[in-house]
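A.B. asks: Protein chains in written order, with our numbering: chain A, 229 to 590; chain B, 229 to 590.
Hints were generated in silico from the structure; no laboratory data involved.
Since we're looking at a predicted model, the values are computed, not measured.
Heads up, some of the hints might be wrong.
Stated by the list, open to error - Output of the computed footprint for chain A on chain B, the stretches with three or more beta carbons under 8 Å from beta carbons of chain A:
no. : region
1   : 336-347
2   : 460-469
3   : 502-514
4   : 580-587
From the three backbone atoms N, C-alpha and C, an ideal C-beta is built for every residue, glycine too.
Protein chains: 2
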Amino acid sequence: MKRRKFIAAAGLAAAGAAIARPAVAQAAPAVTWRLASSFPTNFDAIWSGARVLAEAVRQRSDGRFVIETHAPGEIAGAIEVLDAVGEGRAECGHTALNYFWGKEPALVFATGAPFGMNAREQNAFFRAGGGTELINEILADHKVVALPSGTTGCQMGGWFRAEIKSSADLRGMKFRVSGFAAKILRTLGVEPKAMGRGEIAAALGSGALDAAAWVSPADDEKLDLAKVAPNYYYPGWLQPNMAIHLVVNSAKWNELPKAYQEILRSAADTANAETQAKYDAANPAALRRLAEGGAKLRAFPPEVLESFWQATGAVMRETAAGDAKFRRLHDAYMEFRNDQYLWWQVAEYPFDNFMIRQRARG
Amino acid sequence: MKRRKFIAAAGLAAAGAAIARPAVAQAAPAVTWRLASSFPTNFDAIWSGARVLAEAVRQRSDGRFVIETHAPGEIAGAIEVLDAVGEGRAECGHTALNYFWGKEPALVFATGAPFGMNAREQNAFFRAGGGTELINEILADHKVVALPSGTTGCQMGGWFRAEIKSSADLRGMKFRVSGFAAKILRTLGVEPKAMGRGEIAAALGSGALDAAAWVSPADDEKLDLAKVAPNYYYPGWLQPNMAIHLVVNSAKWNELPKAYQEILRSAADTANAETQAKYDAANPAALRRLAEGGAKLRAFPPEVLESFWQATGAVMRETAAGDAKFRRLHDAYMEFRNDQYLWWQVAEYPFDNFMIRQRARG
Numbered sequence: 229m230k231r232r233k234f235i236a237a238a239g240l241a242a243a244g245a246a247i248a249r250p251a252v253a254q255a256a257p258a259v260t261w262r263l264a265s266s267f268p269t270n271f272d273a274i275w276s277g278a279r280v281l282a283e284a285v286r287q288r289s290d291g292r293f294v295i296e297t298h299a300p301g302e303i304a305g306a307i308e309v310l311d312a313v314g315e316g317r318a319e320c321g322h323t324a325l326n327y328f329w330g331k332e333p334a335l336v337f338a339t340g341a342p343f344g345m346n347a348r349e350q351n352a353f354f355r356a357g358g359g360t361e362l363i364n365e366i367l368a369d370h371k372v373v374a375l376p377s378g379t380t381g382c383q384m385g386g387w388f389r390a391e392i393k394s395s396a397d398l399r400g401m402k403f404r405v406s407g408f409a410a411k412i413l414r415t416l417g418v419e420p421k422a423m424g425r426g427e428i429a430a431a432l433g434s435g436a437l438d439a440a441a442w443v444s445p446a447d448d449e450k451l452d453l454a455k456v457a458p459n460y461y462y463p464g465w466l467q468p469n470m471a472i473h474l475v476v477n478s479a480k481w482n483e484l485p486k487a488y489q490e491i492l493r494s495a496a497d498t499a500n501a502e503t504q505a506k507y508d509a510a511n512p513a514a515l516r517r518l519a520e521g522g523a524k525l526r527a528f529p530p531e532v533l534e535s536f537w538q539a540t541g542a543v544m545r546e547t548a549a550g551d552a553k554f555r556r557l558h559d560a561y562m563e564f565r566n567d568q569y570l571w572w573q574v575a576e577y578p579f580d581n582f583m584i585r586q587r588a589r590g
Numbered sequence: 229m230k231r232r233k234f235i236a237a238a239g240l241a242a243a244g245a246a247i248a249r250p251a252v253a254q255a256a257p258a259v260t261w262r263l264a265s266s267f268p269t270n271f272d273a274i275w276s277g278a279r280v281l282a283e284a285v286r287q288r289s290d291g292r293f294v295i296e297t298h299a300p301g302e303i304a305g306a307i308e309v310l311d312a313v314g315e316g317r318a319e320c321g322h323t324a325l326n327y328f329w330g331k332e333p334a335l336v337f338a339t340g341a342p343f344g345m346n347a348r349e350q351n352a353f354f355r356a357g358g359g360t361e362l363i364n365e366i367l368a369d370h371k372v373v374a375l376p377s378g379t380t381g382c383q384m385g386g387w388f389r390a391e392i393k394s395s396a397d398l399r400g401m402k403f404r405v406s407g408f409a410a411k412i413l414r415t416l417g418v419e420p421k422a423m424g425r426g427e428i429a430a431a432l433g434s435g436a437l438d439a440a441a442w443v444s445p446a447d448d449e450k451l452d453l454a455k456v457a458p459n460y461y462y463p464g465w466l467q468p469n470m471a472i473h474l475v476v477n478s479a480k481w482n483e484l485p486k487a488y489q490e491i492l493r494s495a496a497d498t499a500n501a502e503t504q505a506k507y508d509a510a511n512p513a514a515l516r517r518l519a520e521g522g523a524k525l526r527a528f529p530p531e532v533l534e535s536f537w538q539a540t541g542a543v544m545r546e547t548a549a550g551d552a553k554f555r556r557l558h559d560a561y562m563e564f565r566n567d568q569y570l571w572w573q574v575a576e577y578p579f580d581n582f583m584i585r586q587r588a589r590g
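Taking the hints into account, I'd like the entire structure generated from these sequences.
C.D. replies: Structure below.
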């Protein structure tokens with residue numbers, strides 16, 4: 229099965245084969261692991277992925293394999309999880325791999341690139357398109373193995389104090405946005421600002437920020453931004469999907485009995501499905517409440533969206549030119565994306581189009 | 229966790245609680261089950277769901293819990309799986325619950341209704357919208373418990389010998405289509421025909437059939453219909469998603485150790501994700517090959533699609549008026565669907581729209 233290949237690709241095959249398979253009549257060993265999460269407890273859907281995962285592992289192992297979840301700061305800061313797991317300070321972690329794009333730009337594609345794939349397409353890339361194998365080849369240098377373990381679906385384009393009429397309005401804009409997206413927006417004259425979630429509302433209120441991107445309605449409504457920056461833009465080109473990963477220290481993965489590896493893999497699958505379902509179930513009502521509370525839904529004007537598209541392409545090409553790992557993953561990702569949209573435009577898209585029009589008719 | 233509730237809803241909680249939890253140091257018991265599948269071995273993606281499921285159970289239980297998969301006819305015919313599992317002739321089965329709509333019309337919504345939800349929306353309904361609980365309330369009468377275990381995504385609208393210019397062209401049309409969709413199409417003057425996959429190409433060639441709906445490109449290309457009925461229509465309003473279920477005999481479920489129940493649940497999750505990813509990864513190339521082989525992609529004209537929509541609504545209302553179980557599931561399903569499209573039209577849809585237009589530009 230193709231997705232099993234990543235173990236070999238990550239150079240773990242020999243070590244894995246050396247692990248004795250427990251005799252069937254032997255009781256499964258008691259194992260306790262620590263999980264360092266990048267997500268605070270008040271992120272219901274993403275954070276709950278680590279809890280769902282830990283609970284699934286406990287139940288499926290009949291309580292023999294226990295994963296203790298730790299919030300950011302307990303073992304590692306939110307953006308230090310990959311390093312902490314690679315160094316063995318925690319056996320595993322729950323994180324967005326693009327947090328580490330500065331060290332390893334190719335990891336942008338592990339989470340979801342600007343103008344990348346939607347959630348279902350990206351799941352197909354990871355699982356049946358060689359994506360997880362490619363990501364684990366890169367992560368082998370960091371001494372971790374990764375399994376997809378949560379998706380958000382398409383996010384929103386951000387909260388803006390003023391309407392955006394043209395790409396000229398972006399120049400000098402102080403925008404709370406991070407990572408690879410910040411690099412892209414800088415080429416359009418935006419001034420990206422790093423800022424924790426607790427400070428965003430006040431900064432938008434005082435004018436220290438002009439705009440802020442967060443997640444989607446279910447998470448965004450907790451930040452209470454509609455009064456200070458009511459223009460709520462779509463589509464969420466910055467993050468058409470955000471894939472979360474379970475990252476496991478390679479040596480710890482190899483020491484794990486095969487059945488526990490499979491239980492861990494299964495728990496990642498469950499968390500992946502559960503997180504998306506929770507977002508999908510929660511977002512419609514949250515969107516309604518936000519609109520009732522003053523949020524004004526606005527589509528980016530075509531010229532503005534086109535400027536984002538052009539800027540993204542330029543930064544992608546420039547990064548690919550200087551980084552073979554980035555280029556390899558970029559090319560595989562984009563080829564798969566383009567193929568997916570060939571089919572999507574015949575199947576899902578025209579169906580959704582009809583349903584949305586019928587809904588508007590009442 | 230909400231999805232755990234279906235066990236209580238299915239009236240199994242008391243029985244479940246009575247099962248002794250194995251002592252942790254005790255070896256897990258050896259269990260062998262038989263699975264009756266509704267799908268022949270040459271359906272790669274759907275059929276492989278049962279194999280993926282069985283292999284996952286074996287690995288996660290360290291070989292102690294074995295599920296033997298059986299093709300249609302070995303234990304039960306394709307449309308007899310629900311009865312066979314309810315009667316205990318097999319411990320479990322892998323089937324489309326809408327095959328049993330004649331006995332239990334509400335089960336239409338367990339698989340995917342005409343003009344129903346797309347795959348991701350339906351997964352959210354099952355997992356976080358109370359859908360699986362509602363389905364299991366209905367299945368309690370049939371002595372089975374069901375877990376979602378495979379999706380196809382949006383299918384195609386069918387292969388037609390002639391172009392469809394208006395809904396008048398549907399009258400007298402001999403259309404290979406089954407189930408609840410056949411009931412809907414009959415109200416538009418279509419003559420539905422039941423027919424096995426092996427006979428379809430010859431029947432279209434001779435004019436015994438005018439049209440046939442099957443699945444989507446990856447499955448359809450094996451039927452070789454492009455030469456005899458080249459007009460390949462979309463969108464697939466008949467089946468915007470097809471959800472497959474693992475069905476388990478209720479008494480057998482209750483006898484299973486809790487850890488094995490969880491392993492089975494996990495394997496269903498894995499098969500659910502794996503099946504969709506395989507379809508998504510395979511469909512683009514299959515669509516290209518079909519087009520190169522003479523298939524002409526055509527959108528249903530708006531008036532024709534509208535006639536399908538009106539006929540579907542009328543049959544749904546009529547069925548709901550005479551069947552309280554159908555009505556209850558219909559209302560919950562449609563309310564969830566309509567909410568999902570509120571969010572979809574802001575997030576996924578505009579993003580997909582932009583990406584498809586950019587792809588067309590090259």
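A.B. asks: It remains to establish, for every hint, whether it holds in the given structure.
C.D. replies: Each hint, compared with the structure:
1. 336-347: The restraint on the region 336-347 of chain B holds, since 3 of its residues have a Cβ under 8 Å from chain A and three suffice.
2. 460-469: holds (count 5)
3. 502-514: holds (count 10)
4. 580-587: holds (count 7)
The structure agrees with every numbered hint stated previously.
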